[in-house]
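Peer 1: Next come the chains, spelled out residue by residue.
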Amino acid sequence: MDESVRYILDILRGPLLQGTLASCKLIICSAPLGLLTGFLVSTGWVYGNRAVSGLCRAYVILIKGTPLLILLFVIYFCLPSFGLMLSPFSASVLGFIMCSGAYSSEYIRGAILSVRSDQVTAARALGMSGMQAIVWVVLPQAARRALPGCSNEMIYLIKYSSLAYMLSFIELTGAGKMAASRSFRFTLVFSVVGLIYLGMVSLASLLFLWIGKKLAIPGFELKRD
Amino acid sequence: MQSALIFFESLPNIALGIFTTAGLVLIALSVGFVVGLPLGVIQVYWGSSFFSRVVSVYVWLLRGLPSLVLLFLFYYGVFPLFGIDLPPFFVGATVLGLRSSAYQSQIFRGALLSIDQGQMQAARSLGMSRSVAIRSVILPQALRVSLPAWSNEYPILLTDSSVCYAIGVMEMLTRTSLQVSRTRAPVPLYLGVAVIFILMNYIGMWLLHYVERRYRIPGFGGS
Numbered sequence: 209m210d211e212s213v214r215y216i217l218d219i220l221r222g223p224l225l226q227g228t229l230a231s232c233k234l235i236i237c238s239a240p241l242g243l244l245t246g247f248l249v250s251t252g253w254v255y256g257n258r259a260v261s262g263l264c265r266a267y268v269i270l271i272k273g274t275p276l277l278i279l280l281f282v283i284y285f286c287l288p289s290f291g292l293m294l295s296p297f298s299a300s301v302l303g304f305i306m307c308s309g310a311y312s313s314e315y316i317r318g319a320i321l322s323v324r325s326d327q328v329t330a331a332r333a334l335g336m337s338g339m340q341a342i343v344w345v346v347l348p349q350a351a352r353r354a355l356p357g358c359s360n361e362m363i364y365l366i367k368y369s370s371l372a373y374m375l376s377f378i379e380l381t382g383a384g385k386m387a388a389s390r391s392f393r394f395t396l397v398f399s400v401v402g403l404i405y406l407g408m409v410s411l412a413s414l415l416f417l418w419i420g421k422k423l424a425i426p427g428f429e430l431k432r433d
Numbered sequence: 022m023q024s025a026l027i028f029f030e031s032l033p034n035i036a037l038g039i040f041t042t043a044g045l046v047l048i049a050l051s052v053g054f055v056v057g058l059p060l061g062v063i064q065v066y067w068g069s070s071f072f073s074r075v076v077s078v079y080v081w082l083l084r085g086l087p088s089l090v091l092l093f094l095f096y097y098g099v100f101p102l103f104g105i106d107l108p109p110f111f112v113g114a115t116v117l118g119l120r121s122s123a124y125q126s127q128i129f130r131g132a133l134l135s136i137d138q139g140q141m142q143a144a145r146s147l148g149m150s151r152s153v154a155i156r157s158v159i160l161p162q163a164l165r166v167s168l169p170a171w172s173n174e175y176p177i178l179l180t181d182s183s184v185c186y187a188i189g190v191m192e193m194l195t196r197t198s199l200q201v202s203r204t205r206a207p208v209p210l211y212l213g214v215a216v217i218f219i220l221m222n223y224i225g226m227w228l229l230h231y232v233e234r235r236y237r238i239p240g241f242g243g244s
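One line per chain: the protein sequences are A and B, in this order. For the first sequence, our numbering gives the first residue as 209, with consecutive numbering after it. For the second sequence, our numbering gives the first residue as 22, with consecutive numbering after it.
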């Protein structure tokens with residue numbers, strides 16, 4: 209027993225710490241850009257002309273229909289044939305951005321549609337251009353309403369980040385796999401890895417609750433039951 | 022042209038993976054349903070009991086862990102530890118199923134909560150026991166309510182099933198990457214298999230919509 213504890217502390221200080229940092233790097237690089245993609249795609253879908261709207265729709269359908277792992281393989285193994293070599297890290301980040309962009313665009317689209325269209329009419333009557341009305345009137349409200357859904361998506365992203373291991377980028381899961389293969393203590397190591405993921409997920413959901421509270425406008429809070 | 026040839030030449034081999042992938046998804050959906058439904062019922066109708074708390078922990082654990090970590094944990098850790106020697110296919114299907122059961126239990130919980138409390142009271146006043154009332158009054162309604170959200174579980178499992186590549190299940194992605202290492206033509210093969218996944222997605226969604234329409238009770242919700 210004592211020996212197991214020492215072993216856990218050992219790998220926690222060594223490979224698992226580095227793995228956790230690598231996972232965080234993946235998540236921090238892809239989450240904001242994924243959200244940005246989500247905003248662009250959903251705005252394009254709702255307000256774009258036919259071509260833009262169709263393009264955004266096709267993007268969402270394609271990305272949602274393919275497994276993320278295949279998307280990653282396409283980016284990592286197929287793009288070099290077109291002269292674009294990506295490192296495992298940038299290929300995974302690109303894949304995560306595309307994937308979380310497509311999924312969060314659905315939440316944001318729902319939120320945009322829930323903002324009453326009178327608001328755009330009123331903004332236009334005040335002399336704003338259509339673009340200004342969308343950016344300054346609709347999106348700030350939609351962003352607040354989409355926050356719970358998007359926070360879910362970010363939690364998914366934390367869990368997806370383990371797939372970067374399949375492109376041989378050593379993040380938390382990969383570090384755990386390597387440590388476990390050396391000591392053959394798979395149950396122990398992966399339980400610890402799992403606990404670290406649970407910790408990250410719980411931290412992220414607390415963070416999003418806090419952001420939601422910070423952004424809330426008095427009188428416009430989301431109703432919870 | 023060359024690419025298309027390579028794709029069609031590898032197609033018979035990859036197509037075998039369709040059955041494995043479909044098998045994974047079907048088993049996982051069924052396991053998820055069989056395990057998830059009782060969990061949902063426990064959470065709603067035995068809300069303050071000890072079991073309900075156990076269920077919450079189970080759901081929290083399985084929803085908070087990446088599927089890759091769960092697969093490794095069960096394939097290399099838990100199953101060997103208990104001396105269970107299962108082929109990777111069944112390990113993958115079980116893990117995906119258990120994971121899905123956590124998600125499905127929450128879908129069923131939502132659906133059960135949406136059924137009016139008066140229904141239970143009416144059934145009880147007609148002399149039904151609680152379990153009979155749940156089985157023959159509440160569940161037939163709740164299952165219909167839950168169908169749209171439940172249909173979402175299919176594309177999620179379909180896309181998740183490719184993660185079983187990591188433990189060597191011969192599903193579509195595994196077969197494709199074997200073909201890629203043989204032919205060295207990643208572009209047509211990976212793009213082609215992506216198209217197959219999208220098609221499977223569409224066919225399944227279309228079937229589920231059909232089931233939804235078929236079992237709708239006239240006058241009860243939906244449009």
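Note that these hints are calculated values from the structure, not bench results. Treat each hint with caution, since some may be false.
To be verified - Covered, in the sense of this in silico footprint (three residues per stretch, anywhere, with C-beta under 8 Å from a C-beta of chain B), are these stretches of chain A:
1) 282–289
2) 316–330
3) 366–377
4) 382–395
5) 401–414
Glycine residues also receive a C-beta, built at the ideal position from the N, C-alpha and C atoms.
Peer 1: For the region 366–377 of chain A, does the count of residues with a C-beta closer than 8 Å to a C-beta of chain B reach 3?
Peer 2: Since 8 is at least three, the answer is holds.
Peer 1: If you look at each residue in the region 382–395 of chain A, do at least three have a Cβ nearer than 8 Å to any Cβ of chain B?
Peer 2: Coverage by chain B holds for the region 382–395 of chain A (5 residues, Cβ < 8 Å).
Peer 1: Quick check: do three or more residues in the region 401–414 of chain A have a beta carbon closer than 8 Å to a beta carbon of chain B?
Peer 2: holds (count 6)
Peer 1: According to a criterion of three or more residues whose C-beta lies within less than 8 Å of a C-beta of chain B, is the region 282–289 of chain A covered?
Peer 2: Coverage by chain B holds for the region 282–289 of chain A (4 residues, Cβ < 8 Å).
Peer 1: With a cut-off of 8 Å between beta carbons, are at least three residues of the region 316–330 of chain A near chain B?
Peer 2: violated (count 0)
Consistency with the previously given hints fails for number 2 only.
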